[in-house]
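Chemist: The numbering used here puts the sequence shown at residues 1 to 170.
Calculated directly from the structure, the hints in this document are not laboratory data.
Do not take every clue at face value.
Unchecked claim - With a straight-line cut-off of 20 Å between C-alpha atoms, the simulated DMTMM-like cross-links for lysine to aspartate or glutamate are:
| id | residue 1 | residue 2 |
| --- | --- | --- |
| 1 | Lys45 | Glu142 |
| 2 | Lys45 | Asp138 |
| 3 | Lys45 | Glu135 |
| 4 | Lys84 | Glu122 |
| 5 | Lys84 | Glu74 |
| 6 | Lys45 | Glu55 |
| 7 | Lys45 | Glu122 |
These numbers were taken from a predicted model, which means no experiment stands behind them.
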Amino acid sequence: MRGPGHAPGQLSVPDGYGTLTGSSDGARRSVAVVVSRFNGEVTNKLLESALEELELAGVARDAVTVVQVPGAFELPLGAMALAKTRRYACIVALGCVIRGETPHFDYVAGEAASGLQLAALETGVPVSFGVLTLESADQADERVAKGAEAVRTALEMADLFSQLRASANA
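Full structure from sequences and hints, please.
Modeler: As structure tokens, this is what we get:
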């Protein structure tokens with residue numbers, strides 16, 4: 001089993017309260033990764049980071065499906081379609097939006113974020129947000145590990161949802 005999920009820090013819950021905490025262990029889980037081709041020099045590194053983390057988490061290669069979409073704006077539609085198949089415990093969305101001289105960046109980044117959240121809310125399948133929003137391409141190298149972080153987040157939420165379903169059926 002892997003360490004704590006993506007968020008640093010721990011919560012201190014007083015004794016006597018029931019708690020559930022997800023694990024980023026990926027054994028016996030199917031995962032879809034939807035990744036944008038736009039800014040491919042960055043998204044390829046995000047994908048590499050994510051695939052390495054999936055292997056470390058124990059997700060079998062044949063349990064991973066990688067779906068390519070043209071850009072970050074198309075990530076939500078890809079994630080929604082994958083989630084609706086009910087074949088995957090979670091979806092990892094990876095993309096990169098780099099600010100330019102027009103407001104286009106704001107529209108694409110905002111719609112990608114809200115659309116991915118909508119896909120998760122409407123389907124009940126965890127969708128993690130591994131979309132880099134950069135001021136310049138120079139910031140990319142220090143952030144490509146966000147692919148691995150998005151994997152840990154997705155697996156943790158998938159495990160938490162599994163625990164919630166099990167406790168509801170108990």
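Chemist: Identify every previously stated hint that the structure contradicts and give their numbers, smallest first.
Modeler: Checked against the structure, the only hint that fails is number 7, while the rest are satisfied.
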